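As they're listed, the protein sequences go chains W and V.
Residues 1 to 432 (the working numbering) make up the first sequence, in order.
Residues 1001 to 1167 (the working numbering) make up the second sequence, in order.
Since the hints were derived computationally from the structure, they do not count as laboratory data.
Heads up, a few of these hints could be off.
What the hints assert, rightly or not - Derived DSS-like pairs: lysine-lysine, alpha-carbon spacing no greater than 30 Å straight-line:
(1) W/202 - V/1060
(2) W/17 - W/430
(3) V/1109 - W/274
(4) W/158 - V/1060
(5) W/158 - W/202
(6) V/1014 - W/17
(7) W/202 - W/162
To be verified - Covered stretches of chain V (in silico footprint by chain W; criterion: 3 or more residues with CB under 8 Å from a CB of chain W, positions within the stretch not fixed):
(8) 1077-1090
(9) 1108-1120
As the list claims (entries may be wrong) - Estimated spans, in silico, between C-beta atoms of each pair:
(10) W/218 - V/1099: 26 to 32 Å
(11) V/1018 - W/190: 52 to 58 Å
(12) V/1037 - W/410: 30 to 36 Å
Owing to the predicted nature of the structure, the values given are computational and were not obtained by experimental measurement.
For each residue, glycine too, the CB sits at the ideal point set by N, CA and C.
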Amino acid sequence: MFGYYFDLALRSLRRNKVLTALMVLAIALGIGASMTTLTVLHVLSGDPLPGRSSTLYAPQLDPRDMGDYQPHGEPPDQVTWIDGMNLLQAKRADRQALMTGGSVAIQPAQSALDPFYETARYTTADFFPMFGVPFQYGHAWGASEDAASAAVVVISSKLNDKLFGGRDSSGRMLRVEGHALRIIGVLGDWRPNPHFYDLNVKNYGGSEGVYLPLSASQDLHLAHLGGASCWGNGGADATPTAPCVWLQFWVQLDTPPQAAAYRQFLIHYSQEQKSLGRFQRPPNVRLRNLMQWLDYEHVVPGDVRLQTWLALGFLLVCLVNTVGLMLAKFLRRSAELGVRRALGASRRALFMQLLVESGVIGLAGGLGGLLLAYLGLWLVRRQPADYAPLAHLDGAMLLMTFLLAVGASLLAGGLPAWRACRIAPGLQLKSN
Amino acid sequence: MDIRPILSTLNRHKITAWLLILQIALTCAIVCNAVFLIHQRLQQMDIASGIAEHELVQIKFAYIGDRPDAYAQAQTDLATLRQIPGAQAVALANQLPLSGVDMSSSCLKLHPNQRQNTLEAASYYGQNLLATLGVRLISGRDFQPDELLDRFGISAARIVAAVKAIG
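All chains, full assembly: derive it from the sequences and hints.
Quick look at the structure:
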């Protein structure tokens, strides 16, 4: 039966090509615009570490002085060196890493390559197992290298391609800011987006080229890159003794009770620091998991949400337009439908036939919309935004395009089909 | 012109009339919103920064490794830039206005006992900066050369030079 309806639909659509083309175009435009913005929203609000994100938390403490104090204010986004080290050494979580961003000059051994700056991550060892970072060659460093401030470095696969032509470079030396560091590992393809663990650098596309132990970065006086927020009389930014927050601290807590216990630990820690005189404010802690953290930091640009709503509104306009066109088309065929009714087709059967016809229009519109979405995403990628290069259609969004298109066209076809089925067959036959 | 026949036609095709009304209303709402948003953006772009935007060239230097003579080297670089024909003023600065995420700012208070900050203001450090940026002083005066404190840690740091050229 479905095949027959499909055949009828194709014949009917072929009969009035202009009207069909207009309907398909209306749906295609609406779907194209909506899918472009929905894809951007989908990419930007995605989970950077699927499967792991629910166990990763960003603890926040409030070490500031009473200047600018407001009750119920949010604690800073980052931690001080002293608190970071204390929490790290307390080892109350399954895994924990203290880190910050940097920028280092790389001096390639090959004379063909000029020295260049590369973004760096200075971190403690748990960074790699905690975030599930894949390795192409070699391995990460461990707690002993952290303790010894070992001059070791892990590089990204992109940097490895640039410096060593993609060959296994573990064991070789890399000159960083005039210091010789031994490469112990090369990362696989690892580009978490958003750049969740440090949103001060870049929200999207901020993956680093070199990773080295935080202790070594301090010993070698490597430059800090990222946010530093100071209070009181300040001091030199981003140094261990300064009253500044400039490091990110992440913990892995596998179960909700563990997270609750860690929260209690943070409160106890704040109370202890207050009684020691280091903290002045009452305990003010937060323990957000990764997705809550991204939400709190408003990582997805407000513009993108707004554009999505505008595009969906545009889709609605296109649908209303399609409803009008379908109404004209279906009602014009009253005579044909009357004959079918007289020959014994039920209203239900007619309704189904007309819905199949709208579904076919939706499918064609979806195909057109897909092409327009590809065009739209190509235009988005040409924008000078951090997230622009990420705007690509994936399998889920491809499926979504067709579901949305067919769903929308069935919705648009419902009212005209219902109207067309209600005609009295006798009247139609007589008038012919 | 009599409007009644028009209304009665519309009345006879109620669904079509409502569809048209709905479509026009929705389109209007979306277009108005979009125009308003674009207008807002354009307004932001037109905010006067007070600096001679069209006459300024920003140059970033990158020294690799430690340079003990970084300050002297920076002075030589600035002197070289000054000699370029058409360059009106040259200054070394920690940052330039509207230059993106790399911002340095300070909280300001007007009284010593004030709890809440009055505002957070971007901070710019550099010699001959006002003249180079083309900023107009409303009152008071610019720094005297002997009032400048040299706290340059230029070693391995990137610095920004602004060159004001004849526009």
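Outcome of the hint check:
| no. | hint | result |
| --- | --- | --- |
| 1 | W/202 - V/1060 | holds (20 Å) |
| 2 | W/17 - W/430 | holds (29 Å) |
| 3 | V/1109 - W/274 | holds (26 Å) |
| 4 | W/158 - V/1060 | holds (25 Å) |
| 5 | W/158 - W/202 | holds (18 Å) |
| 6 | V/1014 - W/17 | holds (27 Å) |
| 7 | W/202 - W/162 | holds (22 Å) |
| 8 | 1077-1090 | violated (count 0) |
| 9 | 1108-1120 | holds (count 3) |
| 10 | W/218 - V/1099: 26 to 32 Å | holds (29 Å) |
| 11 | V/1018 - W/190: 52 to 58 Å | holds (55 Å) |
| 12 | V/1037 - W/410: 30 to 36 Å | holds (32 Å) |
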